[in-house]
Amino acid sequence: MMPASREISLSLKEVVKTYVMGTDVVHALNGVSLDLARNEYVAIMGPSGSGKSTLMNVIGCLDVPTSGTYHLEGQMVARMSESQLAELRNRRIGFVFQTFNLIARATILQNVELPLVYGGVGRSERRSRAVSALEKVGLADRMKHKPNELSGGQRQRVAIARALIFNPSIILADEPTGNLDTKTGDDIMAILDGLHAAGQTIILVTHELYIAEHAQRTIRLRDGVIESDMAA
Amino acid sequence: MTIATDIRESLRIAFDALRANKARGVLTTLGIIIGIVAVVLTMTAANGLRNRFRESFSAVGTDVLYVSRMPWVVMDDFFLYRNRPNIELREARTLERKLRGKAIVNPTINGNRDLLYRTETMSGVDVIGTTDKQTRMSSAQPQSGRFLMAFDVLYKRHVCVIGTDVKDGLFGTVDPVNKRLQIGRTRFRVIGVMEKQGGSFLGGPNFDRQVFIPITSFVRVFGGDHGRTDVMVAVKAPTQEAMEDLEYTLIGEMRKIRALRPAERDNFSVNKLDTLVGSFNSVMGVVLLVGLLVTGISLFVGAVGVMNIMFVSVTERTREIGIRKAIGATRRSILLQFLLEASAIGLFGGLVGIVLAAILTAVINAVLMPASVSVPIVVLAVAVSISVGVLAGVVPAYRAARMDPIEALRYE
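Protein chains in written order, with this note's numbering: chain A, 0 to 231; chain B, 2 to 413.
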């Protein structure tokens, strides 16, 4: 599947993830293999219970597979410690969530700065990087506002600015337009398209076909396995 | 992320969180405030009592040894001492002769007698038979008239020097010098009034409610019990440094006077003010310990309050914890954030508590007894309040740090 000429960004091999729920063992992922090249734009689709959230958690380094291997930028993620995973999430992954997941008490600027705080970046550099990230998403004039003073679309743009702040390997967008009206959703997708055009690798988790159509490649999951993997 | 930046950032985050929940923080802090006030006041009160004690005995020199039949503080079996012979005035005189040039020796006898001047009476007044050397033993001097002189003692004269409380009680505004008052059934002429020495300490001796008469007159008039006298001999060292040597010499001379064989134990005691202070301090230590234990309970209740509010804080910020973890917060950062938040509550409570305690101490100082909040107490209180916060925060913070980011992000 993977275009051989391009650099591999991430690679999953025979990834299995099982959960024990009471006495039942649930196979959320049942042998998923997947390669992603740098600057790919991929949509992951599937009905609920198909394992797409679990796959996203594994790729996002929030969870480790029960078996199988996962390499991100050549680093073996599958057996990493909690703090190594935290560092990967900090530097290599940029999350964009359906519910934005901004910290309500903090200002927009502080929200965007936060990954840099955990990354140990000094105060003044943090400030200038966060300001320029907010300028990129067109919110430089709202820096001192709290998230609840912004519209949904603006909040999602803040989340994108936060995701981008460390120049991550992958942007992981989980239903990024799920809480937005169509018009605002299109604006957000336009931003993601623009990021892809600028060389960013993007993984889009969605169940809306018209959102998935923004991607170059669509992976469909069902019952913990890849059902289809097609280029758009 | 280094520890230093970790701490700095966590502190900022913690203070932001506290500012967002002012009312709750203040209420929680109240528990700590009350606890710290209680602890600080206990220690301050103990300090005040100690100072008051020292003050009330300041008239008794610390460079004076007291030879007496019984030790001042009976630590072990009283029956070890009860068969000891009295210290006779004769023995005191011999001791004085032996120690001439090395120390000033002043024998005294105490008794309680009722006083009468015309129609005024005072009962149970400390009557002290002493000599002219009395004024060299302590700082107390007569404010009017004169003190006893050697010839008063030699000729067993019926003269007395009274304390200010006795003067006020019997004579009022009348000048007592050369007036005659009755001690027991015998008349004595007042020749002097001592200067005021200050209040007594919780049932301790009142140095202003005393009457000094020549020791020889005491023996002749009151005669001791069945003709026997028991004298206490004060021996003043020329310098503080000479105390140790003097004590050694003193014991040696007394043993010689008593003709004790080497194997025999001393049948007299040598006391120092230190002995009293020491026993007072050990009693005070127990009182302080019990006080701290009791007040510590209120501090503990405060700590439970902080722990409770930290659990609430962690639970209601579950999603925030998930977000922070998703964007790269380590367990350590989360742990530190909540620990610092808890210790900030503790510190804040401690500081407010110290201020309140200082105000209360000022009130106590004004109405009850000399008391002041000392620097070590403040430092201790700050340290205690921070550690209470940290201890109360450990379990909630650990729970926050251990949260699964996926679960936390899903939390509504």
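The reader is advised that the hints may include incorrect statements.
Stated by the list, open to error - Far from chain A by the CB rule (all over 10 Å, computed), these chain B residues:
#1 F281
#2 I324
#3 R400
#4 I407
What the hints assert, rightly or not - So the derived label-pair ranges between C-beta atoms look like this:
#5 B/L31 with A/D23: 47 to 53 Å
#6 B/E408 with A/E124: 44 to 50 Å
#7 A/S32 with B/K23: 40 to 46 Å
Stated by the list, open to error - Keeping only pairs whose Cα atoms sit at most 30 Å apart, straight-line, the calculated BS3-like set for lysine-lysine is:
#8 B/K257 with B/K99
#9 B/K257 with A/K145
#10 B/K23 with B/K157
#11 B/K134 with B/K157
#12 B/K273 with B/K103
#13 B/K23 with A/K143
I should point out that these hints are in silico values taken from the structure, not numbers from a laboratory. Idealized CB from N, CA, C, for every residue including glycine.
Hints, one by one, checked against the model:
1. F281: holds (55 Å)
2. I324: violated (5 Å)
3. R400: Nearest chain A Cβ is 15 Å from B/R400, so the label holds.
4. I407: Check fails; 5 Å does not lie beyond 10 Å.
5. B/L31 with A/D23: 47 to 53 Å: holds (49 Å)
6. B/E408 with A/E124: 44 to 50 Å: violated (33 Å)
7. A/S32 with B/K23: 40 to 46 Å: violated (54 Å)
8. B/K257 with B/K99: holds (10 Å)
9. B/K257 with A/K145: violated (93 Å)
10. B/K23 with B/K157: Judged against 30 Å, a Cα distance of about 79 Å means the pair is violated.
11. B/K134 with B/K157: holds (15 Å)
12. B/K273 with B/K103: Answer holds: B/K273 to B/K103 is near 18 Å, not above 30 Å.
13. B/K23 with A/K143: Measuring from Cα to Cα gives roughly 21 Å; hence the hint holds.
In the structure shown, a violation is registered for the earlier hints numbered 2, 4, 6, 7, 9 and 10, in ascending order.
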